[in-house]
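Q: Those protein sequence lines, which keep their order, are chains F and P. The first sequence begins at 4 in our numbering and counts up one residue at a time. The second sequence begins at 5 in our numbering and counts up one residue at a time.
Treat the hints with care, as some may be off.
[Unchecked claim] If you want the footprint, here are the derived chain F segments under chain P, 3+ residues with CB under 8 Å:
| no. | segment |
| --- | --- |
| 1 | 192 to 198 |
| 2 | 356 to 366 |
[To be verified] In silico lysine to aspartate or glutamate, EDC-like type, Cα no more than 20 Å apart, as pairs:
| no. | chain 1 | residue 1 | chain 2 | residue 2 |
| --- | --- | --- | --- | --- |
| 3 | P | K8 | F | D200 |
| 4 | P | K8 | F | E225 |
| 5 | P | K468 | P | E127 |
[Said to hold, decoys possible] Partner residues aside, some chain P positions facing chain F, computed with beta carbon under 8 Å:
| no. | residue |
| --- | --- |
| 6 | I10 |
| 7 | P15 |
| 8 | R18 |
| 9 | T21 |
Keep in mind that the hints were calculated from the coordinates and are not lab data. Here a beta-carbon is modelled for each residue, glycine too, at the ideal position from N, C-alpha and C.
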Amino acid sequence: MRTLLSGNEAIAEAVRLARVPFVAAYPITPQTPIYEKLSGLENEGRLPGTMMRTESEHSAMAACVAASLTGVRTFTATASQGLALMHEMLHFASGNRVPVVMANVNRVLAVPWAFGSDQTDSLSQRDTGWLQLYCEDGQEALDTVLQAYRIAEQVMLPVMVCIDGFFTSHFIEPLEIPDQAAVDAFLPPPSIPNRFDIQNPAYISNVVSPAQFMRFRQRSFEDMEKARPLIQAVDEEYRQGFGRGYGLVEAVETEDAEIVLVTSGAMTGTARVAVRALRDQGVRVGLLKIKAFRPFPGEEVQAALQGVPKAAVVDRNISIGKEGIFCQELKAALYPLERRPQITGYIAGLCGDDVSPETLEELVRETLRSDQPPPGPIWVRKD
Amino acid sequence: MDIKDIEQIAPVSRGSTEIFKTGQWGSGKPYYLEKTSPCRQACPAGIDMARALAAAALGRLDEALRIVREDNPLPGVCGRVCYHPCEQECNRKDFDQAVNIRGFERYLSDHGRVDLEREVPAECKKEKVSIIGSGPAGLSAAWQLARRGYSVTIFEALPEPGGMLRYGIPEYRLPKEVLRREIGYIQQLGVEIRTGVRVGRDFSLKELKKDCQVLFIAAGVQGARRLGIEGEGLPGVVEGITFLQRVNRGKPLEVGRRVAIIGGGNTAMDCARTVRRLGAEEVTVVYRRSRAEMPALAEEAASLETEGIRLVLQAAPKRLLAEGGRLSGLECLKMDLGAPDDSGRPCPVPIDSSEFILPVDTIINAVGQVSEAGFVGEIGLSVSPTGLIAIDPETMGTNVEGVFAGGDLAGERAFVVDAVAGGKRAALAIACFLEGRDFQKELGRLRIGARRSIAFGPFLDPEKNQADLGKVVPFEKINILCFPPAGRRPNPERPAPDRWPRTFEEVTGGLAPAQMKDEIARCFKCGTCVHCDLCFLLCPDVSIRKIGWEGYRVNTDYCKGCGQCAATCPRQVIEMGGPA
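Please model the entire structure based on the sequences and the hints provided.
A: As structure tokens, then:
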């Protein structure tokens, strides 16, 4: 069914389609419409289970972990401070290997207090053992949530699906809601083991020896590695069933490019317009959209940028003391290449600051003009 | 994927975490110790109302009544006529309104069942105690001494027992049936009450003393204090106590159409309201100070207005006027309030030339009573100039060994509950005397809070009643988050107040069960564990175990001493630290 929905509503629809019986959440801007929509669905009897209104995000995640241990599909959504508060429990989820799916609506972290989009909230959770997928628009968010359950339940690791606050979360776009039957075929009931057996009581999150700890961590690492081809395979299956797919990364006109613009999330849509305009002006520019951040698609990035002379990475996030986080990850991923591009990092659009196609066009031209990138990131500011 | 696969990738333990004695991490531990409610401290008789209300909250009304009777055998009486100092100090008054404690006491007496089997003493002692006077002091002492196992005989001059309760307080305030029932329980426990025998007439005090090991004199004061003014001997001048006694014996004195009562105490109120019921049309109470200084209960003074009785304040009788040999008028002087006198109240000072005359047919003198127990001189008892027996207020002992005294005749506060308290204290002193116990030591153990009242339960059974009597729970220690605001349920006025002047029916009704339930729920139960389970539910270390009616025990092996239980206990039963 084709309809008009915001990204937040699209995510709530995906949760309904996935027949998630347990939702635990706490409202926070700009995620609140997800919470409200799920509440509404529950009220209408369209949510096949319970929506637990917890007193904090920390508790919401704790509840999802506990529910998932009983073998059911679970969902929560948060943003910014909520995700930061949840941090401890994110480790509990991944360490206990529960396939929780969470939507994070990227929002800047205080202080100063603000509300616009900024990926630093979820990127700060890089090492919590969660898969992280960044979506460009509402349709991708809906499709990615459905895919996330398949992926999570197979690798037994939690998945975070990220969208940009206000841009994706609140913009209303025409999008396709898949049929329930088709979703049911793609996403059958889960076979998550029930770890709550009163006949055989057990204690989880228990103390282990260093040797055991290393073994569990290595297993998590290896399973995350296995998630990379799995994401690709699930996406491919989804594309066959529903006509849409996204890959771990998406490379646009990179083959003959003298420069590639690298983006993630909602900014990619803007970049597509900028690239089109530059191509029309005869600039050989390509675009690389990075969707999967964890696991990081190192091979895919290498394949897309091998032989490209220059890359300009635009980050809507900042790791203070280093640079943009995607830029940093990209550099590390390209290091093994002999012919790796010269990489320039740009910090743009923090806190939802507007990044127009013209800004990106100018940024590409500037990168082409300069011989050597500066050692740190270039801040794109209008003031 | 099944559970075995999961165990390869995520930690699961089927062992026990009990080997980790996490209790070793903390220093402070919580401990349970029941404490004393401020109402109990305020009650001269020391009734453990918080515990009684806690029992009632669990539906155990009979047990609640037993708890009350532990310290006062007259709950039906005090539940009606007491000046309820308990309610003045109720912690709930700082939250919304004080609990209707007196209404609860009455309810227990009206609805609870008394099981005397539980009061029968373990051993009967051979010593005999004789008590003169069957008023509240005598009855209270008799009840406690009988529970201790002593053989007690009460000697009463009037035809029925009860003293002022029987012959002073009018029927509309205290139905005789209630009093009869409560005296009945005392008799059923083995106390012999010999009525119609007057010491000093039927036998001497000396003879009485010979027949027993201990004598407790609680004969009360029945003589009227003289007005000391011209015309006091005129026909139509009546003594208040005599007047009330005659009404209560069913032989009321003749009174006129216009009656003035002189005095501001409960006797004056009782006389005024009674005379109104007997048909007097113009009833006036004359009191020399202001309303604030009236010794009568506020509710009694307030009912004067309801019953159309005039109250003339700051006026004192100067002389009585006669016409044709009969009383015709009361000449009064207006009074100013001067500096405080010995009683702490402002001294009334006559205003010159302020005389006014009240036309009256009858005067009732209710300015106070004096002793007329002449027999007290017989055995060399030390007596005050006003005829009161001198006692050591701590021990209730007189100057004669084995003779104790209490109540009005010993100069104690002239309220029912104070007489009950005196009787109880005397019972403890007498038991200590007969058993060779150190009275001061017992007192130290039994004293409630910082006041004069004592607990009798722990004297009879030191094993039970382990509450800390010295520690009174202040309002600040009540966790008010646990209590929803709720208005006090007052006792209903019944029959309608406009009918009061025409009936001797009781004017205050008992609470209905539903209202009583609300009122029982309102009580904080300060210091008494009601097994609410809050500590049990909130303990993050699952270290509080329930042990049935006994309450809870802290498992110190795992309690880390976070203090949540103590901080949230609604009624300060739990504290951190350790018993000193």
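Q: List in ascending order the numbers of the hints, as given earlier, that are violated by the structure.
A: 2
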